[in-house]
Amino acid sequence: MFPEYDLIVVGGGHAGCEAAVAAANLGSKVMLVTMNMQVIAQMSCNPAMGGVAKGQIVREIDALGGYTGIVSDYSMVQFRMLNLSKGPAMWSPRTQNDRMMFAAKWRQLAEEHPNVDFWQEMVKGIVVKDGRVKGVRTGMGLEIPAKSVVLTNGTFLNGIIHIGEKQFGGGRAGEKAATGITEQLHELGFRSGRMKTGTPPRIDGRTLDYSKMEAQFGDEGAGRFSFIKTDLPEQQLQCHITYTNPDVHEQLKTGFDRSPMFNGRIRGIGPRYCPSIEDKIDRFSQRDRHQIFVEPEGWNTCEIYVNGFSSSLPEDVQYKALRKITGFENAKMFRPGYAIEYDFFPPTQLKLTLETRLVENLYFAGQINGTTGYEEAACQGMMAGINAHLKINEQEPFILKRSEAYIGVLIDDLVNKGTDEPYRMFTSRAEYRILLRQDNADLRLSPLAAKLGMRGMEERMDRVELKKTEMEEIIRFFKKESISPEQVNIMLEEKNSSTLSQKVKLHSVITRPHISLKNLASCHQGLQDFIKKCDPESVQLAEIKMKYEGYIAREQDQVDKMERLEKVKLPQKFDYQSVKALSAEAREKLNSVQPMTIGQASRISGVTPADISVLLVHQGR
Amino acid sequence: MSGLNDIIVARSTPPGKSALAVIRLSGPACIEKVSPFFPGLDLENKPARFAHFGKIFGKNGELIDEVVVLCFLGPRSFTGEDVVEISCHGSDFVVQRILEEFLSAGIRMAGPGEFTMRAFMNGKMDLARAEAVIDLIDSENRAQHLLAMDQMRGGFSKKIADLREQLIHFASLIELELDFGEEDVEFAERDDLKNTVSEINGFILRLMDSFRMGNALRKGVSTVIAGRPNAGKSTLLNALVEEDRALVSDIEGTTRDTIEEVITIEGVAFRLIDTAGIRDAGDVIEEMGIKKTMEKIASSAILLFIFDLSRTSPDQLKADLEKIELSEEMVRLVVGNKSDLVDQLEVKEYQKVAGGVNHFVSISAINNNGVEEVKKLLSRHFGISDKNKSDIILHNSRHFSALYNTSASLEKVLEGLSGNMPADLVAMDIRHAIHSLNEILGEGISSEDLLGSIFSRFCIGK
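Line by line, the protein sequences are chains D and U. The first sequence begins at 1 in the working numbering and counts up one residue at a time. The second sequence begins at 1 in the working numbering and counts up one residue at a time.
Keep in mind that the hints were calculated from the coordinates and are not lab data. Just to be clear, a hint being listed does not mean it is correct.
[As the list claims (entries may be wrong)] The calculated label-pair distances, taken between Cβ atoms and stated as ranges, are:
(1) Arg289/D - Arg190/U: 19 to 27 angstroms
(2) Lys479/D - Asp42/U: 38 to 46 angstroms
(3) Lys176/D - Asp6/U: 56 to 64 angstroms
(4) Ala19/U - His514/D: 54 to 62 angstroms
As the structure is a computational prediction, the values presented were derived from the model and not from experiment. C-beta: ideal position from N, C-alpha, C; glycine also.
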């Protein structure tokens, strides 16, 4: 009934969808198996994409030819560039999205792809022969043959949903849990653990009093995730901010004795940075209020997402507490928040390609690896899909370095350090933050994807070339053209910058702190005319390059130093126990991780600089 | 982990007093890098493999030493890279000063076996010697680890741990602003941040000064000689100095009053400070003298307590010793003088009171009897054994260089905060500071530490 596929993707969430289209865009024949085609690419939690560090990841996915950026742009109801008051490394795009449009657009794009087939059923296990994956087995007992398999099971593996004292099997509200896969993987020698996450209640927006809340608007003139000029909405929806208060907290406390978090029924580890409301008032009891974001779920629905109020307290307690929030006095609830526990597989069992060490051609991506977040899941899916395709075609693996992409940081962290709590990306996890900016993701990554032969990269590469050329032209303009005291001194005085006494090159003024390119253009007609001809993205890139040149160069210098270590390859399947000069801990860790390079080895916890010296000598050169 | 081919430096000859000491540097462009230290010599354009006389100057323009410099151009050198060898005068102080200058110019202290390793990596050694190199690195690391542990006693480890704590705290305040700018938490004021950095930096500067060996090499180990009147303080001082007259050295930068003498034992300088005799308080002037003596004791590293064996019972000694307050890091050595006047010496009893065999020695200062033992005792507590000499100095220089770099980065942080630089750029310098400190700690400060610090103190998460 089925041909042999190049790749089977199990699961149709953010990781699964990106895995499927990435392999398909490289030319693989892909089968996407999902329990329910109606809920492909669900935003299971908040109806938003991006944010600090995550927005950078979406830009990277887009630069590599993934679809998350395009889908997010298409379905946005609000756009904000966060952190604009900080340096360019911190600028982070974020959108509020129409949940239904988001899913529908993804499904449409996947369905349009000639290389992607679908099958709706629960996968019960994988087929493994001689340590290599051969396909999957479904609930009905069907076998679908394939050269490689990517598992993106999300929260579905033995998922248990908790609301107060009620608990039931499920992968998401109203959806069945997946059973069988964890047990089979255990038999194959995999280790698993339990994690926990939660989601807030959904509310009827018609019952809220917005006049009592602060409105939060999108940016004037929406930006976008995609480097392709996607269509943007002309209008944007508002979000609202309100706060909890002591009454809310007291009401919530009446349910603590029935809380699965506090009475020990939930054993999985939850993320510290995404605590439930009961966790917040318990751990930070000195605070008498917590912020609540009231987020619309879409253009054509009254459903509201109560961001900041994730809870697994009994539904009646949630309901009563909600109604004590300012503006929520008459709130009607569509459904309560809940906590969910699920199986994950410590990602130290993976290679940097996301292929498992134990079973060849089997890949894991998304929450199964202990991560959280749509963006984190999506980029892993894409990398797994790309590498699955490359492996079966006997091509070199595609691994992004920590200095090339947040995606590289994420996978490197997962594989080398593992994670104890759901892993979310933060900019502080990246050591080369100034290089990994959202504005240059295309310059960093699109050429790499084009080289892989990713479909649809031509337009992106044309844009990259144009951006580079324009940037260089702008910088040349700044180094060539001068500005006079008469033109610029009034502006400089306003900005508390020392005034000029003679004509200087534009370049020497733009490098001053607090003086923007826009400021200068307002005093220099020639500059204004010149940049009008350029793409705004090129102008921004040029400005960042000129203003932060010193910092960028310093970090690049660090990268170059580290690079030398990344170039020294280590043998695979090597027994480090035979190198007696290594510390005992290093021998053990190196044996289990089997790093590909000295650079990777140096990031494994427990491997000291002295061990690295020993490895260097041992490797000769 | 440092890069594969940056410039490294180390002392190549064993420490201690000698006619000459050799400092070696290796790495790309290291001749150009070193050249400015010898103003007027134009080292870059001098022929390689010839000895050149030069004067090495510190960054404040002070002359450090007159030296002979030899350059080797890679690959025709020991390591296969460009190499500079500097023969300076064989004083630990001079060597330390020169190393400090190089370190503050961004040159890195060589790791254990690193010159040898580079030679191997550059094909200057055959593969058969690889095992030997590994063994070398291994053994040096072990020795260093022991030494590091040793050094970590006496409050140093706690200070470094505090520093780590403070740096994490500070870094997390900055990272909080960056990663969680959208959260409903209070962010630190710039002025508060500046104060915090200044405090941490002040702490580091004090720490740099507090290096026992660094101080010993620069200023000498301060050694107070105290005791009751006529116990033989001055006689002991003179005996120590007399014997050592040839080695008494003038060390610049140390304030010396008339009753200070400097002696060198096994390459380590000891600054001897005589005091007024401690007697039971009588009049006001007497009391002031005692107070002054006590202050001197409190600010020194070693108390050399001398007493008259013929007139002091172990119980009396005990009572006298108890009157003198000692800080935790101080070492007290007890010297029983005038052994020539005693027939039956109850050594064991005195030893017990003094704190063991390593803290007590009986002498006859007047006959120069046992003065050598006093020196050995001093050396045992503050000296460097032959076996580990180079390691200790290396170790100190490494710690010094790590702290130096940490401090330099923190000063940039301060600059950034004052100039209202965006926090992500300031954070870069904090990371450099942390990175430098890692070299002492061995264990790194990971983003997990920072995030852990943030999550434990701030309510994060929508």
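Hint-by-hint comparison with the structure:
no.: 1; hint: Arg289/D - Arg190/U: 19 to 27 angstroms; result: 26 angstroms, holds
no.: 2; hint: Lys479/D - Asp42/U: 38 to 46 angstroms; result: 34 angstroms, violated
no.: 3; hint: Lys176/D - Asp6/U: 56 to 64 angstroms; result: 58 angstroms, holds
no.: 4; hint: Ala19/U - His514/D: 54 to 62 angstroms; result: 59 angstroms, holds
Checked against the numbered hints given earlier, this structure breaks only hint 2.
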